[in-house]
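Peer 1: The lines below spell out each chain.
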Amino acid sequence: MNSSADHRPLSARALHKSFDATVALDDFNLEVESGSLLTVLGPSGVGKTTALRILAGFEMPDSGTVRVNGQTVNGPGIFVPPERRQVGMVFQDYALFPHLNVARNVAYGLDARHRDLRVSQVLEMVGLAGFEKRMPHELSAGQQQRVALARALAPGPQVILADEPFSNLDAALRKRLRAEVRSILREARTTTIMVTHDQEEALAVSDQLALMNEGRVVQTGPPDHVYRNPATSWVAEFLGDADFFDAHAKGGRITTPFGTFPTTRSGKVKVMVRPESVTVFPHAQGVAVVTYREFFGHDQLLSVKLPGKITLRARCWPQPALAPGDRVAVSVDGIHIFDEPQAPPAPPETPPGTPLPQRVVIPR
Amino acid sequence: MGVARPVPRLRALPPNTWWWVLAGVVMLPAAAPLGVLAYGLVSGVVTTVPVGRLLELAANTGALAGAVTATSLIIGGASAWLVSRTDLPGKRLATVLVITPFAVPSFVGALTLLGATGADGILSAVFTWLGGGAIGYPSGFWAAWLVLSLISVPLVHLAVTPAMHSLNPSLEEAARGLGAGRLKVFWTVTLPQLRPSLTAGALLVGLYTLSDFGAVSLLRYDTFTRAIYLEYAGRIDRRPALGLAAVLAAVAVILVWVERSTRAKGVWFTARPRRTAPPVRLGRFGKVIGWGFLGSLVTLSLLIPIAVLSAWMLRGLLSGTLVDAPWAEVGRSIWVAVLAASVAALAVTPLAMVTTRYRNRWAGLLEGGAWSLYGVPHIATGMAMIVFSLRLARPLYQTLALLIGVYVIMFLPQILGPSRDSLGRVSPSMEEASRSLGRSPARTFMTVTLPLMAPGLLSGAALVFLTTLRELPATLLLRPAGFETLAIRVWSATGEGFYTQGAVAGLLLLLIAALPLAVVARHELIR
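The listed protein sequences correspond, in order, to chains X and G. If you're matching positions, the first sequence starts at 329 in our numbering and goes up one per residue. If you're matching positions, the second sequence starts at 6 in our numbering and goes up one per residue.
Worth flagging that the hints you see were computed from the coordinates, not collected in a lab. Just so you know, even glycine gets a beta-carbon here, dropped at the ideal spot from N, CA and C. Just to be clear, a hint being listed does not mean it is correct.
FRET-style restraints, in silico, Cβ to Cβ [as the list claims (entries may be wrong)]:
#1 X/427 / G/141: 58 to 66 angstroms
#2 X/542 / G/44: 30 to 38 angstroms
#3 X/517 / G/430: 35 to 43 angstroms
#4 G/284 / X/427: 35 to 43 angstroms
#5 G/265 / X/350: 55 to 63 angstroms
#6 G/451 / X/350: 57 to 65 angstroms
#7 G/451 / X/347: 27 to 35 angstroms
#8 X/574 / G/266: 39 to 47 angstroms
#9 X/542 / G/29: 52 to 60 angstroms
#10 X/427 / G/347: 30 to 38 angstroms
#11 G/312 / X/458: 56 to 64 angstroms
#12 X/427 / G/487: 40 to 48 angstroms
The following residues of chain X were derived to be distant from chain G, with all beta-carbon distances above 12 angstroms [as the list claims (entries may be wrong)]:
#13 364
#14 439
#15 452
#16 469
#17 476
#18 479
#19 512
#20 516
#21 562
#22 583
#23 657
Covered by chain G, per the in silico footprint, the following chain X stretches (three or more residues, Cβ under 8 angstroms) [said to hold, decoys possible]:
#24 408-418
#25 427-438
#26 563-573
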């Protein structure tokens, strides 16, 4: 009765949710394509977990609709309880049943038919064959995580939701496990929605990113696209290091101390530069002065001061060793321009701005 | 596996609402005794008791409560220190021995004292054989003080030990580093850290003494509880008894609330320190003194009672006066205790669910109701329920159902604590995981929540079993006519001077009580 053309594994439209005085979700929209891994990324407290819990059926939205495989599970007068949504969940604390062993945890959501077969299939998939009789407390954190994943995968849900799945692991394990989980999900051809506040994690594992701020999704797209074409200066800053300065566009170009860039805009604009697109080299007549240096071994981060009160950071090769006070020349491999004052959040999937992968070297 | 037929949102109550409804139904009967007692307090009923009599009872009760509290604080504090902060050998054994008298009901303690002394007394016989004279019958204040103090020591010991264990050695070292001497450190750093637990222990003992009926009635010390029973048994007019019960209940409820509020403040102090203090080295002499102290304590509170009761039983067997063991009473005691424990386990589940999962005003009200009733002395609750059943629920008067119901509402907090502890370890995400794996709320409860909650329910039920077994005053007032339990048997036999019969029933009672205590001890007492 609620069928529609929309047969995406999961979609949410215009979700609103408030807790007392605080607004958690404010016109939240999300769609996920079959078989892809979508990451909802945003700082703490922007409503990511609330959104996930509404999709799972643990919270009721104030308004809006949620569809699973085209069927409405949240909507006017409709609420399908979590047990009838076919939406799997991997919890931040894994929520393994402490009184059941691994096999019985995984079998929990299965019917009697083919149960044993499915359990060994899924445990094989997550690399835990042979651990059937272990109790959850006898497993390492990483193993517990994989059991939680196996348990969620076992009934073959339409979508798996994962709430900060790697946040309880130490840094080294996290990196290893996220690659593993990623390939398990690929192999299982599962559609997954993951929530995290960790930019690096989101960029590394996702097919699609949905950036969330103040209760709504502000931009979606593949990670590299979103990174290179941030819809707003907030997105740009949240996804990576970025330096901003004000400039004036006139006659189709912007003039900066490190060169001139073409633009379609005019008037006051905000210019964003990422440290990795800045190169510096020692030059006695260079326009910039090094003010600060952090050395990381594989690279160094330099802070340089340019005329017009512009400060840029440059992430570059560890050599040459520059020190504060050194005069340097600066070349910037592409800038990004935002209107100033900043426009309201653009609708998702609109590639704004003017990407300029154009190398401009200032005269020596 | 077709997805999800949509259902209208409001067709059924959401599952958590059912828990609230059930919790309300469980706590509703608790309103009956509280309501009757409140009525007794605010209406003219209290005025049927002369003011002089009220003051006399208050003075007697207060003196006993004060003396027992002070004595057990000193002894229990010392035993807790010995087993938690020193290198005394055999600490586990010492712990078990010190807390076991917890299982001795006060009327059995009184029976021991009466059976040991007087012309026929066991200790008198020993003394006479040694060439001394017989010991006279103790009664009144000092007799009640001795019995109740010995029984109260475990309460203090249990209340103080966790705090002793978690004393933060850094604080004492910091004080020493600032130039304070040992004594000054004890008064200014150690004692303030222990104060919340000492206060809690003191209030527990005070409350216990205030409510005790068995010892004071057998040893003839005139306190509120004894007066209530005498008024009830000796008169047609029930108003003076209800009036006294209302006053006593009010004092007890105030004490309970004071105890609860100090406990909340004590939380900071019981946080586990990152390292534990090294045990105090006692030395050989100190160890002898330490075990001498614990040994005397255990002799007085455990060995002598068992020896005296056994001697009376032996005497009865030898003289042929003991013909029949009270098997019918054993059966009845176990039966009511099992019933009370089972019903309490059923009743506590919704209460534990709502008070663990929801911290709001309603949960507070339900929990507060449970705790208030827990603090009301049993004789007052019994009195209130007599009045209630006679006036408003006549068919329930003197029925087993009413008796079990009263046990359950009186002892609900005992099972609520451990149930909530174990329920608190079930994270809501486990239940959500079950739901998202396709299981209904009911199935989720049965397969996830209940199995994880079971250990707490079990040890709580064992505690209710134990308490029901040794409950005297409410049983005395509310039991069906002719319904004799072991507790009643001990009390009436002792009151009439039939120490042989009392001793046999008392020994059987201790034996049966030891079983659940073993269960409880594992989960609750020795942590």
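Peer 1: For residue 452 of chain X, is the shortest CB-to-CB distance to chain G above 12 angstroms, so the non-interface label stands?
Peer 2: Given a closest Cβ separation of 20 angstroms, the condition holds.
Peer 1: For the pair residue 427 of chain X and residue 487 of chain G, does the Cβ-Cβ distance stay inside 40 to 48 angstroms?
Peer 2: Between residue 427 of chain X and residue 487 of chain G, where Cβ atoms are some 46 angstroms apart, the hint holds.
Peer 1: At a Cβ distance under 8 angstroms, does chain G reach at least three residues of the region 563-573 of chain X?
Peer 2: violated (count 0)
Peer 1: Quick one: are residue 427 of chain X and residue 347 of chain G within 30 to 38 angstroms, going by C-beta?
Peer 2: violated (22 angstroms)
Peer 1: For the range 27 to 35 angstroms, tell me whether the beta carbons of residue 451 of chain G and residue 347 of chain X fit it or not.
Peer 2: holds (31 angstroms)
Peer 1: Is the nearest CB of chain G more than 12 angstroms from the CB of residue 657 of chain X?
Peer 2: holds (55 angstroms)
Peer 1: With 35 to 43 angstroms as the target window, see if residue 284 of chain G and residue 427 of chain X comply at their CB atoms.
Peer 2: holds (37 angstroms)
Peer 1: A cut-off of 12 angstroms on Cβ-Cβ distance, and residue 562 of chain X was said to be off the interface with chain G. Does that hold?
Peer 2: Per Cβ check, residue 562 of chain X is outside 12 angstroms of chain G; nearest 31 angstroms; holds.
Peer 1: At 12 angstroms, judged by beta carbons, does residue 476 of chain X keep clear of chain G as stated?
Peer 2: violated (8 angstroms)
Peer 1: Determine whether the Cβ-Cβ distance between residue 451 of chain G and residue 350 of chain X falls within the hinted range of 57 to 65 angstroms.
Peer 2: violated (36 angstroms)
Peer 1: Quick check on a hinted range of 58 to 66 angstroms for residue 427 of chain X and residue 141 of chain G, using CB atoms only.
Peer 2: With a Cβ separation near 60 angstroms, residue 427 of chain X and residue 141 of chain G satisfy 58 to 66 angstroms, so the hint holds.
Peer 1: Please check whether residue 265 of chain G and residue 350 of chain X have a Cβ separation lying inside 55 to 63 angstroms.
Peer 2: Because 32 angstroms falls outside the window, the suggested range is violated.
The structure does not agree with the numbered hints 2, 5, 6, 8, 9, 10, 14, 17, 18, 26 stated previously, though it agrees with the rest.
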